[in-house]
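> With chain A's structure known, arrange chain B on it following the hints.
Sequence lines, in order, name chains A and B.
Under this note's numbering, think of the first position of the first sequence as 1, with each following residue one higher.
Under this note's numbering, think of the first position of the second sequence as 1, with each following residue one higher.
Rather than coming from a laboratory, the hints here were simulated on the basis of the structure.
Wrong hints could be hidden among the right ones.
The list that follows gives simulated cross-link-like pairs (lysine to aspartate or glutamate, EDC-like), each with its CA atoms no further than 16 Å apart [what the hints assert, rightly or not]: (1) B:362 to A:129; (2) B:497 to A:129; (3) B:362 to B:22; (4) B:362 to A:303; (5) B:362 to A:143; (6) A:128 to B:351; (7) B:358 to A:130; (8) A:256 to B:229; (9) A:255 to B:229; (10) A:182 to A:143; (11) A:255 to B:456; (12) B:358 to A:129; (13) B:358 to A:143.
Covered stretches of chain B, going by a simulated chain A footprint (3 or more residues, C-beta under 8 Å) [unchecked claim]: (14) 33 to 43; (15) 449 to 462; (16) 528 to 542.
Glycine is no exception: its CB is placed at the ideal position from the N, C-alpha and C atoms.
What follows is the residue order along each chain.
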Amino acid sequence: MVKEPLSLWQIARSRGYSRRDFLKFCGYLSAALGLEAGQARALTKALETKPRPPVLWFHFQECTCCSESFIKSSHPLLADILLDRISLDYSLTLQAAAGEQAEAAVTETIKNYPGQYILMAEGSVPMKDDGVYCTIAGRTALDGLREAAEKAMAVIAWGSCASNGCVQAASPNPTGATPIHKLLPNVVNVPGCPPIAEVMTGVVAHLLAFGRLPQLDSQGRPKAFYSTRIHDSCYRRPYYDAGLFVESFDDDGAKKGYCLYKMGCRGPQTYNSCGIIRWNGSTSYPIQSGAPCIGCSEAGYYDAGPFYRSLPAFPGFGVESTADRLGIYLAAAAGGGVALHAVATNIRKRRLIKRELEGSLKDKDLKAGKPKDKTEKTEKTEGGA
Amino acid sequence: MAQRIVVDPVTRIEGHLRIEADVDGGRITDAWSSGTMVRGLEIILRGRDPRDAWAFCERACGVCTTVHALASVRTVENALGIVVPPNAELVRNLMFCAHYLQDHVVHFYVLHALDWVDVVSALSADPAQTAAIARSLSSWPKNSEGYFKTVQEKVRSLVASGQLGIFANAYWGHPAYKLPPEVNLLGVAHYLDILEWQKEIIKVHTIFGGKNPHPHYLVGGAYSAVGPENAMTLNAERLALVGKLIDDAIQIVDQVYIPDLLAVASYYKDWAAIGGGVSNYLSYGDLPTRGIGDPSGFKFPRGAVLDRDLSRVHDVDAADPGQITESVAHSWYAYKGGDAASLHPWEGETDFSYTGPKPPYKNLEVEGKYSWLKTPRWKGRAMEVGPLARLLVGYAAGQPEIKEAVDGALAHLAVPATALFSTLGRTAARGIETQLIARWMKGFYSDLVNNIKNGDTRMFNGEKWDPGTWPAEAKGAGFTEAPRGALSHWIVIKDGKIANYQLVVPTTWNGSPRDASGQRSPYEAALIGTPVARADQPLEILRTIHSFDPCIACAVHLYDPHGRRLHQVRVV
Chain A
1 MVKEPLSLWQ IARSRGYSRR DFLKFCGYLS AALGLEAGQA RALTKALETK PRPPVLWFHF
61 QECTCCSESF IKSSHPLLAD ILLDRISLDY SLTLQAAAGE QAEAAVTETI KNYPGQYILM
121 AEGSVPMKDD GVYCTIAGRT ALDGLREAAE KAMAVIAWGS CASNGCVQAA SPNPTGATPI
181 HKLLPNVVNV PGCPPIAEVM TGVVAHLLAF GRLPQLDSQG RPKAFYSTRI HDSCYRRPYY
241 DAGLFVESFD DDGAKKGYCL YKMGCRGPQT YNSCGIIRWN GSTSYPIQSG APCIGCSEAG
301 YYDAGPFYRS LPAFPGFGVE STADRLGIYL AAAAGGGVAL HAVATNIRKR RLIKRELEGS
361 LKDKDLKAGK PKDKTEKTEK TEGGA
Chain B
1 MAQRIVVDPV TRIEGHLRIE ADVDGGRITD AWSSGTMVRG LEIILRGRDP RDAWAFCERA
61 CGVCTTVHAL ASVRTVENAL GIVVPPNAEL VRNLMFCAHY LQDHVVHFYV LHALDWVDVV
121 SALSADPAQT AAIARSLSSW PKNSEGYFKT VQEKVRSLVA SGQLGIFANA YWGHPAYKLP
181 PEVNLLGVAH YLDILEWQKE IIKVHTIFGG KNPHPHYLVG GAYSAVGPEN AMTLNAERLA
241 LVGKLIDDAI QIVDQVYIPD LLAVASYYKD WAAIGGGVSN YLSYGDLPTR GIGDPSGFKF
301 PRGAVLDRDL SRVHDVDAAD PGQITESVAH SWYAYKGGDA ASLHPWEGET DFSYTGPKPP
361 YKNLEVEGKY SWLKTPRWKG RAMEVGPLAR LLVGYAAGQP EIKEAVDGAL AHLAVPATAL
421 FSTLGRTAAR GIETQLIARW MKGFYSDLVN NIKNGDTRMF NGEKWDPGTW PAEAKGAGFT
481 EAPRGALSHW IVIKDGKIAN YQLVVPTTWN GSPRDASGQR SPYEAALIGT PVARADQPLE
541 ILRTIHSFDP CIACAVHLYD PHGRRLHQVR VV
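Excised from the complex, chain A in its bound form (with noise of 0.2 Å):
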């Protein structure tokens, strides 16, 4: 027997939220996605009026440290709708079913709901040696992602394994490790290791509020989450443009929370969303707890080692001149570029709020067509920095 999903306010409200919990909800993903007032607005009627889709979650080459994260999504109706006991069809770290009945929950989704369920994965699919070295089932990573990817509504590669390999992709990537991407066309990329929770469940949100994948840059990722550096909505930024560094773990100028450039922090030439929404709750993020960041979130940081070397010291690193000289000619001349960088910046993110939703509104036909046509490239070259 096949239902008719039930709507995210049908749940809610089942579930014994009453209608304010409900707006909060979405005035707290309106707030994530930066969406202005009358768009938190289409966004509301959206949830309240659009089917839910069946997800189905895969694991392959990865450490759970995704699924862990997104547990973590610290809106409680988040955990209890998006995530749970509801359309998760499967999850091998969640599901009370193991073996051929969970492997039957996938045959089922596929075939009751196509075109109609989210395919997600976390992890790398190894391409080595037949694919010996990732199986589930008996079959290969590949031959099951192929499989669910066929009819899914869209697809998702969760963290930084399926978006860019991560750690066992590093050199020498002894099991040709190899992110979704290079796999399967038109997957939405969500890096990081892991990637914050409120950035999965606002890109989760999205699909089901829009019936559409988020506007993605060059990368495949959400322009939302990943078109600032951390260095640029870093709050120890007005340090940096002051030239006052810490200089030793524990010295007196991080006693003071001085910038962590020259202790081999990536924030520079990282584009995420740790500095905003910060992680578990706001609570902190790296570097506001005296770790330089390591930039777990961009292509091949395993490979663009050590982590403690300052970005300058690094050959060929010629986006900012050496911190020290920094300190001296940026605290006249950084505070005016840094100022109109964040008008140009605003700007461009409101027209393309605006056209996105424009876009999404227009669109009403969930069921409709591939991913492909879903997914907007609009620009190809990132321009936060």
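For chain B alone, kept in the frame of chain A given last:
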């Protein structure tokens, strides 16, 4: 005639595990455990900066996040002779404890509970009775009839929707479920509560390490520079938040987890005679109170218990090449000197040698090689590691807090100490140590606050930070107790870079295939004799396997696929 059954994938674990078992007359007569995924991190670590190794190793597992990072920084510090300041040791202990609290409680409710709790049966419960039972167990404020009624309604509408999500296709109504509907409803309600709470306690990692999963670690100490009156650093507000998170955790453990565990266990006492498995237990010990260099100050003692003899603890010296060996007789690797050999990890060879069936396959060839896990042995014996091993070693060593906690739980359930050697014993041990850890964590927290109050703000020892201060060659080992058991890392540093890196991981001890002499490892041994009421529904198999809390990504970490010989290491 025995029937071969296959469980693949085993769900509600970390990673990719496959169980094949022969069932005859309603009981398992033989079993094979196979890890079906491998990544090969060890070779990737070669040539890297040792100070970076924690970040690579931590990615061995996102469920046991932090434990590999902790083992890694300890390994490098051991090699270079770095002693971290007391505050850094306390921060590490706090992160260790926070991880145990989250991991063990989540294991019980999210990964293990559905083996014991029938979600659908909760529909026929009387919420008033559930509330009465709950109030008799604890003073948890949510133990009201109205609350349980709301939860029951949620379950009802879920079932009515026809889309059961993670509860679909499961084993509801299976004869091995023994709880009355009212207790099932209690379990379901707390399953939901725990999903909410578990994201709180790990904020301790976020405060000290910036994020969870995968908080940042530092060779030589901890990142948290102390500036008590600085809004940017570890200040009074941050410390107060840690204190509150610990208090909340103690409440959850005392008022929800432990009462539920004891209530469920009281209906499944027959499982105190099932799933015992091997009879030897190994713990490296952890939670230093006088520095990592002094195991006599560990809260969890180091040692081994053999043949279930609790009157004696055997000394464990992991650095002694005669003690720990690994074999590949049934693993997809080849040894140059023949696969019957048992080699110390320092002399280990690793050469991928997949001889299994070409996928897609129905059955593994279990007479030959059948897993990506190697098979470790301690003095030739199969050893169980994990919560039960830690408590048994602590109990046998006479650690007073452990002894009191174990005796208290046994008395409560009115079962003898032999009940510990079982599936139920393993599950109970996890709860007992969680309660201990919550209290120890409070102590570590007070120590840290007092140190800072008294003016000691040191968090980092930078004397050996600069590779220019290192010897041309150094070797080291680092030990910890992951929630799933004994974990060790080994390093050889040459000219400032990693020349060799090795990990020997808990689930490798527990989940490995047979050794060359046919001796079964803990999973395989524990399954023998396990009842199977319905051959097509592996509920009882899941109970015993889940009682170990498998973590396969850790276990199949990181083997050198090029068969390079790993040089001998001597621990400094």
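> Could you work out which of the previously given hints the structure breaks and list their numbers from low to high?
1, 2, 4
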